[in-house]
Amino acid sequence: MKARILNLGLRRRYEQVVGALRQDLYRYALWLSRDPQAAEDIVQESLLRAWRGFDSLEDMDKAKPWLVTIVRREFLRFKERQREETMDPVIVAEIAEEEADPRVQELRTAIFGLEETYREPLALQVLMGHSTDEIAGIMGLNQGAVLTRLHRAREKLKQAFVEDGVTAQVEAG
Amino acid sequence: MNRLTQEERRQREAIVADDAQFEALLDAAFRVPVPEKTPAKRPGGRHWPALVAVAATMVLAAGAWFGLRTVEPVHAVSPLGAEIIAHIHHEPGALAVTASTVPDAELGSVLQRGGASLAAPLGRVSYAKLCPFRGRMVAHFVVQGEQGPVTVMLLPDEESSGPAMIEEDGFKGTIVPIDGGGSMAVVGQPDEDLEVIRDRLLQAVRWKL
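Residue numbers (the numbering used here), protein chains in the order written: chain S, 1 to 173; chain F, 1 to 209.
Among the clues, some could well be false.
Unchecked claim - Computed Cβ-Cβ distance ranges for the label pairs, DEER-style:
id : chain 1 : residue 1 : chain 2 : residue 2 : range
1  : F       : 195       : S       : 53        : 25 to 31 Å
2  : F       : 208       : S       : 98        : 32 to 38 Å
3  : S       : 62        : F       : 83        : 52 to 58 Å
4  : F       : 31        : S       : 87        : 32 to 38 Å
5  : F       : 147       : S       : 19        : 30 to 36 Å
6  : F       : 6         : S       : 56        : 54 to 60 Å
7  : F       : 5         : S       : 58        : 30 to 36 Å
8  : S       : 62        : F       : 101       : 52 to 58 Å
9  : F       : 117       : S       : 15        : 32 to 38 Å
10 : F       : 103       : S       : 62        : 52 to 58 Å
Derived from the structure by calculation, the hints contain no laboratory data.
Beta carbons are placed, not taken as given, at the ideal position from N, Cα and C, and that holds for glycine.
Okay, chain F solo, but in the shape it has when bound (with noise of 0.2 Å):
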């Protein structure tokens, strides 16, 4: 079927005969707008296959747990570790040092509308807030460590292929990856025995898909 006129057909057979005409059709065809922040995207992708998907509401902790052991000691640093850090910068609210406590059924909330929930507890919660992260809202709270606020934000859309640190402006965190997909980033003061409280939080948390 064709459906351009006369003129059409010769304007168009007079650009392909000029080499610079046709060539900068072509580039302006190939420059397809670029989306400014990841898109929202299940864990593993759209390719994800359904018995996965079923099997991810299973306890997302002992796979974490087990997962966590059998890759390398963390050495690379996270390229994500510098927005993190500019997130937690962002809301510096967060880290306020406060005797306050989140309730149970708010951070539950947090948690549920980040796609996770727990399957034991994570002791005080001084703050919790679903958060825009890199074209997602994703769950961000705060627990108490033995120096002070513990950030960590879980992040479905982000994987990793091994734990990953994060030291910038001085903080110091990991970035762990989480069998079934996604990621969870743990940022504390220097001196915070992180690793403590990592394991603590992949043996509460769990992914609700």
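For reference, chain S alone in the conformation it holds in the complex (with noise of 0.2 Å):
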């Protein structure tokens, strides 16, 4: 009884913490895979293993950089399983096109058309919320890395954005 009470907390402390992330991790996994549907994928199977190893995380402020981290091992695993990438251009031309606002269209698809080295740390910082420090400790990078790609990533989008290069972006990306 005393076991399934101490479970019955862990379990709401979970769907706290998830409740509160689910959107933007999945956000975070679009941006990751650039499909819908592999998103959900990497997602769901995340989350079963957030619950799985939910009791050895003792430090509930580090929740979300706990999360993030195991979503984007999910995803290493998933385009290791996955021959080539692959973007659909019509599944962003969707994506893109659920927003009214033509200027947020474009910087949504010119997003979708940056390399991943760009895409990933923009997505983590501007979505997500982390620091430069927290980005590098996500990725694997030393800060002064992270902080020329979250440069030259603003840098490529602003061009775009302004030479309305976005159409050819993203078919050679």
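Two chains, each in its own frame: build the complex with the hints.
See below:
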């Protein structure tokens, strides 16, 4: 009975933590995989793994980077299984067009066209709110490399945004 | 090709020069819409190889039977448990004690629409319905255990890497992975011997992809 109560408490904490982050974890998985179905699969599998290891998470303040790391590892497993990375331009267009503002649409399309090395740190910073130090820890880079990638990612997006080179970049990317 | 007018281009240059404006647009761009529920997918996902898909039309029971016996014993609590119990509460009529039996044709129709079929009789089934669960329609039926009704849900989209238990609101159950993808939830009274029923079901139910 005691074990059951403890388990219930653990599960409530898990649901609280995951519930607050689930949407952003999906978005992060989507920006990594560029495939909504793959993002769903990655998040589902990640959350199963997270639940299995949840009792080992001692500091709830670290729940977000912990979950992000689980999603990232699951994405890397997904990528290993995938023979070649694919990005369906129709799906990209659909996701972009779900936003009414054409400027956001174009930026969204441009982000899809960024190389993963730039796309991921930017997603971790803008979407997940991680500091450069945290991004360095998650991606296994030094802070200098993270800062460089973040700067280049923004420069590429700004260039595409001003020059309207979004379509051409995605086709090439 | 540049389809921006001079004025639009000037406006955009002003935006990228203003960090706050550009960051606001960037933030909006990253916040893509999130599906409310898991979209329907085939067991194993969209990348399922064609040969495996063909093989999945073969008898599920044998694969699941052996698969079940090579994984660790039930210990983890399934995060799906609460949703399954909520679904059961949502259909209280399903657990009503009744002497009626769902006709074979009706049960067959529910299973077929849920992507499954029967290879062996299940015994008396008192309820069978195709139900929405996490974004897709799944077969939900009730068989009779020693202690009362036992709910079964066939979940082709819900992957599980090992048996997981459900213990919620006075119900006890298990979710078992199925070779070829998906899982099956079996939920009954706390003192019900669910393993016997689970094994019987695994021998009887086949995916029909």
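Status of each hint after checking the structure:
{"no.": "1", "hint": "F:195 with S:53: 25 to 31 Å", "verdict": "holds (27 Å)"}
{"no.": "2", "hint": "F:208 with S:98: 32 to 38 Å", "verdict": "holds (35 Å)"}
{"no.": "3", "hint": "S:62 with F:83: 52 to 58 Å", "verdict": "violated (27 Å)"}
{"no.": "4", "hint": "F:31 with S:87: 32 to 38 Å", "verdict": "violated (19 Å)"}
{"no.": "5", "hint": "F:147 with S:19: 30 to 36 Å", "verdict": "holds (34 Å)"}
{"no.": "6", "hint": "F:6 with S:56: 54 to 60 Å", "verdict": "holds (59 Å)"}
{"no.": "7", "hint": "F:5 with S:58: 30 to 36 Å", "verdict": "violated (57 Å)"}
{"no.": "8", "hint": "S:62 with F:101: 52 to 58 Å", "verdict": "holds (54 Å)"}
{"no.": "9", "hint": "F:117 with S:15: 32 to 38 Å", "verdict": "holds (35 Å)"}
{"no.": "10", "hint": "F:103 with S:62: 52 to 58 Å", "verdict": "holds (55 Å)"}
In summary, the structure is inconsistent with hints 3, 4 and 7 from the numbered list given earlier, while agreeing with the others.
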